[in-house]
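Engineer: Taken in sequence, the protein lines are chains A and B. Residues 1 to 200 (the numbering used here) make up the first sequence, in order. Residues 1001 to 1243 (the numbering used here) make up the second sequence, in order.
Wrong hints could be hidden among the right ones.
Simulated crosslink set (DSS-like; lysine-lysine; CA at most 30 Å straight-line) [stated by the list, open to error]:
hint, chain 1, residue 1, chain 2, residue 2
1, A, K18, A, K62
2, A, K18, A, K123
3, A, K175, A, K84
4, B, K1232, A, K175
5, B, K1230, A, K48
6, B, K1230, A, K175
7, A, K62, A, K102
8, A, K102, A, K18
9, A, K84, A, K123
10, A, K84, B, K1232
11, A, K102, A, K84
12, A, K102, A, K48
13, B, K1232, A, K48
14, A, K48, A, K175
15, A, K48, A, K62
Calculated directly from the structure, the hints in this document are not laboratory data.
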Amino acid sequence: MAVISRGFTGRRAPEAGKLPPGQYLTATFPVLSAGPTPHISLDRWEFKIDDGTQVLRRWDWKSFRSLPTETFTTDLHCVTRWSKLGTRWEGVSLDTMFADLKTDESYALVRSYGDYTTNVPLKDLMNHQAWIAFRFEGEDLAPEHGGPARLLVPHLYLWKSAKWVRGMTLMREDKPGFWESLGYHMYGDPWREQRYSGDE
Amino acid sequence: MWRLGTVVALRDETATARTIMLEIPDWPGHAAGQHVDVRLTASDGYSAVRSYSIASAPSVERRIEISVERLPDGEVSPYLTRELAVGDRLELRGPIGGWFVWRPRQTEPIQLIAGGSGIVPLMAMIRSRAAAGSTAPFRLLYSVREPGSVWYRDELRSLPERNHSVSVTYAYTRATPKDWPRPAGRIDTALIASATWPSNLAPTCYVCGPTSFVESAAGLLSGTGNNPAKIKTERFGPTGDRQ
Chain A
1 MAVISRGFTG RRAPEAGKLP PGQYLTATFP VLSAGPTPHI SLDRWEFKID
51 DGTQVLRRWD WKSFRSLPTE TFTTDLHCVT RWSKLGTRWE GVSLDTMFAD
101 LKTDESYALV RSYGDYTTNV PLKDLMNHQA WIAFRFEGED LAPEHGGPAR
151 LLVPHLYLWK SAKWVRGMTL MREDKPGFWE SLGYHMYGDP WREQRYSGDE
Chain B
1001 MWRLGTVVAL RDETATARTI MLEIPDWPGH AAGQHVDVRL TASDGYSAVR
1051 SYSIASAPSV ERRIEISVER LPDGEVSPYL TRELAVGDRL ELRGPIGGWF
1101 VWRPRQTEPI QLIAGGSGIV PLMAMIRSRA AAGSTAPFRL LYSVREPGSV
1151 WYRDELRSLP ERNHSVSVTY AYTRATPKDW PRPAGRIDTA LIASATWPSN
1201 LAPTCYVCGP TSFVESAAGL LSGTGNNPAK IKTERFGPTG DRQ
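Could you build the full structure based on these sequences and the hints that come with them?
Structural biologist: If you want it as structure tokens, here you go:
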């Protein structure tokens, strides 16, 4: 039973119905990163899918940008409790990148420039739920927001949408990434409020 | 999962910032740099939660301090800095976070860089160092708008007298004290070169503040040869709440 905060009235957002529990609405786009922003030149950028022993797929910027793209509008929910609604992106669907790739693995460890990692079940990356995004609100994605390209898997808390992605390793067993090793939830569903490792 | 804390003391830091001391009977302890979620609940059940960095060192007493800046359009910070009184109770969750932390077993040189209210978790590190009797060499570079914007002023002023291995350098962005050698302005390469550890000492760096401040300071640190893997950052979003 919650303790009532004497004299607190609060501010109810008109769009509160679109917000997962414990979130508040922001119109800004806050930045959260564990370290300095890496600046990656496009002629050195690459994205690889491997299975821990061998590289299964590899793209450089040119071959990546020759893949068919999608534009989509989605809500973002950060574990630090802000949500931003109706953001517009352009990117390549993971379905496209996995189109002719057969795998028996069930999880992915997503890797970034700057050594960030995060784990996501493979099924959460398929069926138009996840993209490698390179454009935000019609502009090239800024470095502090993950440019040149970031993963976007918006039905999970935003730390799963790794900035500055460089690839992913497919795995049989789930394995914690960076924040997941530091007390954050393995899956991170905002609607079930899976913020920290103890949350169900 | 939510703990109950009682406000035992309040102290103004500046005209817009206040430190809140809480007693939490089941507080499990924390590490310097961690934060806590604070939940306010209105009489109709509506609740709002925000995260705040812990300012105090870990201690055997079940007490923590948080310092909160009042944001003009904030939902939670005006309540915490104006309405809240000694004896009130708050719901808390934490401690949270395991990356932006300093632990007493670290013996390498430590570079702290704070922008505005970003001083809070760094102050916890300075206090934790003293509480643990650590001799790790610390440097703090603290960027504030003007002399009146300094938090923990007296405690920071007395630090070098009490301990020769903690140094503090201030950078003023809008207005400086009288006869201050450096004109008002943002942290730049020259100041990083003169006020931070040389990168060949391989310091661990902690940078906390508003997004643009952290982007700039962390970029200058890696530009002067610091290993990006040893630069830990914590950014506030543009709306100013710890995000």
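Engineer: Run every hint past the structure and note whether it holds.
Structural biologist: Against the structure, the hints come out as follows:
1. A/K18 - A/K62: 37 Å, violated
2. A/K18 - A/K123: 24 Å, holds
3. A/K175 - A/K84: 29 Å, holds
4. B/K1232 - A/K175: Within the cut-off at roughly 23 Å; holds.
5. B/K1230 - A/K48: 26 Å, holds
6. B/K1230 - A/K175: 24 Å, holds
7. A/K62 - A/K102: Holds, because 24 Å separates the two Cα atoms, which is no more than 30 Å.
8. A/K102 - A/K18: Distance ~36 Å between A/K102 and A/K18 Cα, so the pair is violated.
9. A/K84 - A/K123: Satisfied, since the Cα-Cα distance of roughly 25 Å is no more than 30 Å.
10. A/K84 - B/K1232: 26 Å, holds
11. A/K102 - A/K84: Judged against 30 Å, a Cα distance of about 35 Å means the pair is violated.
12. A/K102 - A/K48: 15 Å, holds
13. B/K1232 - A/K48: 27 Å, holds
14. A/K48 - A/K175: 19 Å, holds
15. A/K48 - A/K62: 14 Å, holds
Of the numbered hints stated above, those contradicted by the structure are hints 1, 8 and 11, listed in ascending order.
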